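Q: Okay, here's what each chain looks like letter by letter:
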Amino acid sequence: MSNPDINGAYCPVPLPHNDQIVLGHGSGGKMAADLISKIFLPAFDNPALRAGDDGAVLDVPGGQIAVSVDSHVVSPLFFPGSDIGHLAVCGTVNDVAMMGARPLYLTAGFILEEGLTLDTLIRIVSSMKAAANEAGVQIVCGDTKVVQRGKGDGLYITTTGLGIIPPGISISGTLAKPGDAVILSGPIGDHGISVLAARGELGFETDIQSDSAPLNHLVAAMMSVSPNIHVLRDPTRGGVATTLNEIAAQSQVGIILNESDIQVRPAVAAVCEMLGFDPLYIANEGKLLAIIAKEDASKVISIMKETKYGEEARIIGEVTTNPRNRVLLKTEIGSTRVVDVLMGEMLPRIC
Amino acid sequence: MKYVTEFRDAHLVKGVIEEIKRTVTRSWVLMEICGGQTHSIVRHGLDQLLPTEIELVHGPGCPVCVTPLEQIDRAHAIASMPNVIFTSYGDMLRVPGSGMDLFSIRASGGDVRVVYSPLDAVRIAKENPTKQVVFFAIGFETTAPANVMAVIHAKMLGLQNFSILVSHVRVPPAIRIILGSSSNRVQGFLLAGHVCAVMGYHEYPALAEGFHVPMAITGFEPLDLANGILKIVRLLETGRTTEIDNSYSRAVTFEGNLPAQKIINQVFMECDRGWRGIGVIPASGWCLRPEYNNFNAEIRFDVTEIQPRESELCIAGQIMQGRKKPHDCIAFGKQCSPEHPLGATMVSSEGACAAYYKYDR
Amino acid sequence: MCLGVPGKIIEIYQKDNLTMGKIDFGSGVLREVCLAYVPEANVGDYTIIHVGFALNILSESEALETLALLTEIADLNDELGPG
Numbered sequence: 096m097s098n099p100d101i102n103g104a105y106c107p108v109p110l111p112h113n114d115q116i117v118l119g120h121g122s123g124g125k126m127a128a129d130l131i132s133k134i135f136l137p138a139f140d141n142p143a144l145r146a147g148d149d150g151a152v153l154d155v156p157g158g159q160i161a162v163s164v165d166s167h168v169v170s171p172l173f174f175p176g177s178d179i180g181h182l183a184v185c186g187t188v189n190d191v192a193m194m195g196a197r198p199l200y201l202t203a204g205f206i207l208e209e210g211l212t213l214d215t216l217i218r219i220v221s222s223m224k225a226a227a228n229e230a231g232v233q234i235v236c237g238d239t240k241v242v243q244r245g246k247g248d249g250l251y252i253t254t255t256g257l258g259i260i261p262p263g264i265s266i267s268g269t270l271a272k273p274g275d276a277v278i279l280s281g282p283i284g285d286h287g288i289s290v291l292a293a294r295g296e297l298g299f300e301t302d303i304q305s306d307s308a309p310l311n312h313l314v315a316a317m318m319s320v321s322p323n324i325h326v327l328r329d330p331t332r333g334g335v336a337t338t339l340n341e342i343a344a345q346s347q348v349g350i351i352l353n354e355s356d357i358q359v360r361p362a363v364a365a366v367c368e369m370l371g372f373d374p375l376y377i378a379n380e381g382k383l384l385a386i387i388a389k390e391d392a393s394k395v396i397s398i399m400k401e402t403k404y405g406e407e408a409r410i411i412g413e414v415t416t417n418p419r420n421r422v423l424l425k426t427e428i429g430s431t432r433v434v435d436v437l438m439g440e441m442l443p444r445i446c
Numbered sequence: 003m004k005y006v007t008e009f010r011d012a013h014l015v016k017g018v019i020e021e022i023k024r025t026v027t028r029s030w031v032l033m034e035i036c037g038g039q040t041h042s043i044v045r046h047g048l049d050q051l052l053p054t055e056i057e058l059v060h061g062p063g064c065p066v067c068v069t070p071l072e073q074i075d076r077a078h079a080i081a082s083m084p085n086v087i088f089t090s091y092g093d094m095l096r097v098p099g100s101g102m103d104l105f106s107i108r109a110s111g112g113d114v115r116v117v118y119s120p121l122d123a124v125r126i127a128k129e130n131p132t133k134q135v136v137f138f139a140i141g142f143e144t145t146a147p148a149n150v151m152a153v154i155h156a157k158m159l160g161l162q163n164f165s166i167l168v169s170h171v172r173v174p175p176a177i178r179i180i181l182g183s184s185s186n187r188v189q190g191f192l193l194a195g196h197v198c199a200v201m202g203y204h205e206y207p208a209l210a211e212g213f214h215v216p217m218a219i220t221g222f223e224p225l226d227l228a229n230g231i232l233k234i235v236r237l238l239e240t241g242r243t244t245e246i247d248n249s250y251s252r253a254v255t256f257e258g259n260l261p262a263q264k265i266i267n268q269v270f271m272e273c274d275r276g277w278r279g280i281g282v283i284p285a286s287g288w289c290l291r292p293e294y295n296n297f298n299a300e301i302r303f304d305v306t307e308i309q310p311r312e313s314e315l316c317i318a319g320q321i322m323q324g325r326k327k328p329h330d331c332i333a334f335g336k337q338c339s340p341e342h343p344l345g346a347t348m349v350s351s352e353g354a355c356a357a358y359y360k361y362d363r
Numbered sequence: 051m052c053l054g055v056p057g058k059i060i061e062i063y064q065k066d067n068l069t070m071g072k073i074d075f076g077s078g079v080l081r082e083v084c085l086a087y088v089p090e091a092n093v094g095d096y097t098i099i100h101v102g103f104a105l106n107i108l109s110e111s112e113a114l115e116t117l118a119l120l121t122e123i124a125d126l127n128d129e130l131g132p133g
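So the sequences go chain by chain: A, B and C.
Positions in the first sequence are counted from 1; adding 95 to them yields our numbering.
Positions in the second sequence are counted from 1; adding 2 to them yields our numbering.
Positions in the third sequence are counted from 1; adding 50 to them yields our numbering.
Rather than coming from a laboratory, the hints here were simulated on the basis of the structure.
Values in this document were obtained by computation on a predicted structure and should not be read as measured data.
Misleading hints may appear alongside valid ones.
[As the list claims (entries may be wrong)] Listed below are the simulated PhoX-like cross-link pairs for lysine-lysine, each with C-alpha atoms no more than 25 Å apart in a straight line:
#1 C:Lys58 x B:Lys128
#2 B:Lys4 x C:Lys72
#3 A:Lys224 x A:Lys125
#4 A:Lys425 x B:Lys16
#5 B:Lys157 x C:Lys65
#6 B:Lys360 x A:Lys425
#7 B:Lys16 x C:Lys65
Sequences and hints are given; from them, build the entire structure.
A: Have a look at this one:
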């Protein structure tokens, strides 16, 4: 019996694929484990993650838990001042903080597109780590899936956040009362315009940076001087206008704003003029709206001005009884107009 | 001088409004015929500050609103075709045709792209030689110089895959129809400042003299609008009803922009044009000259069998001519809203109905 | 139909046989626009930009004159008190 010819036969051991995501990274085998041990774990390192179980077991101080989830699909992945990772952490930290909770833990689910470079993933994960460190939260569990090239915009991140609400605190969009002051923590429109500029489709250049930031320490400072914070919300998609309309509807009140007290950076205003946008509808990722009892307004503003991300805080309006479920704006020339919710996508106009 | 903040000065605006109040002795109906002016008036709440004697009416000045339904349906038909990249100004994406809008076509897989400038559409054509790139060239006279330059530039670059779908309208014929109607109530006209920046204002004296309706070329900032209104009110109160005032003199000259007019004449010719909600107004539009047929999307694509269906409830035409107000319409705010517009004036945020819905309900 | 915004010309150049310019809309917001219709334009001029095209050159003297006249009206109104 002659020996079979084995010249030309080979054993197809997977190549290491050191520099980009391939479908194998999502299959739960060694490649996926490598992603965790080499990229996610060193960045997010904490006891729950190190335990390596299917879920995280966490110590939770007594009180109510606030939980929030958000998915992030922003394109491009990197833009001036921030990136999808930073946004994914700050966005969820902020949503939890807006309930008056102290954010403690985040989970992170990743959908990676085949072909995404590991360098990009590492950059994003580092950014998440930096944001988590600044916020003082831990990313305690996660998941990774990989989709075929063309079926994802590079990557999508979903984060869930958990926080503890101190006893006796109740902050909700349903609690705005007539007479309350409406406070805005700073100038609006930076994030939306910076992403639009980074996309490049409309051809303009600007230095505007995203304002993406974790606001939980600012919220804690505000809560330390006033037990009368009724509503907190960050004006993300749809901007200040949409957010205040939601609150007016939830609380069945009216809100009247002073145009001259709403700050817009000159560069943001210039882009809005050029394209026909209204800054009131543009997304912010590092600003908050607070509706608080009038008598506490000035001390809350004072503490905000001494706290990072609140330096430019201002009272921009007040809550009224009528007209209910309506947001009004007193213009700089002394007239009053209705501020409606955003109707669909904001598009550049020629009219 | 930055040309913006100075013309929004609250103290000056209030001063001019007070002067209007001092000047006016009886009621007057004024019309503006520019979507941009409608937007600015409503956004700054200027009409609230005017004396009640002044009634401001919003004419058919929004090119998005007046684009005829057949043209919208043609745009949708082309955008739905395979291998087409359909480019458009942002305003047009939400406009519903007889069945759908460009958003839903995009969701179904059509390649629909918003561009800020028509030259961006030409660039897309250059970068995608295997695709047909079509640009939806709508507008009044203000936008014509840009739209025709796209054709000239595409021709210079030797592009074979670029064409435009034209729906251009002109202001003077619309004014003639409005003022010539037996039920016309308009006594004074604010003329669109940027239309006049391009075309000059030599077409308007004949209209003012023929109909005894004074006119003021007006800009867009609150101070410009107040100034234009003041000038017309002064002309009306002193019986100088055949005069024109250039209240936007920093941007407008009598002759207008001659290089732009020359190029417009080279590429476009006058033609009859349907205005949505009003009907066909003779010689009120611009179409591509025959020598530019190979850039004409209506010829390149087979979209002749279009049967548009307009809503029966919609009174947009009467609103645009100043004869009715949005609140007079039985469908306003009910069957007809910005999310489900039935007709021209609810379709774009500059349309009278949409502006009222958003700012003034 | 006329979203036209003033901008300052900071650079003029030729591109693909078209006269183009870099416009500053204020606070460092820049965009390339077509200057084909304002052959007389110079760097430093202000122009109205509509969909990426300069429509004219703004006249500073006319602007100042308009403002002066309107300021006179406003000042007179202040003197006269509420009407």
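Q: If a hint holds in the structure, say so; if it doesn't, say that too.
A: Checked hints:
no., hint, result
1, C:Lys58 x B:Lys128, "29 Å, violated"
2, B:Lys4 x C:Lys72, "17 Å, holds"
3, A:Lys224 x A:Lys125, "24 Å, holds"
4, A:Lys425 x B:Lys16, "14 Å, holds"
5, B:Lys157 x C:Lys65, "15 Å, holds"
6, B:Lys360 x A:Lys425, "15 Å, holds"
7, B:Lys16 x C:Lys65, "46 Å, violated"
Against the hints set out earlier in the document, violations occur for numbers 1, 7.
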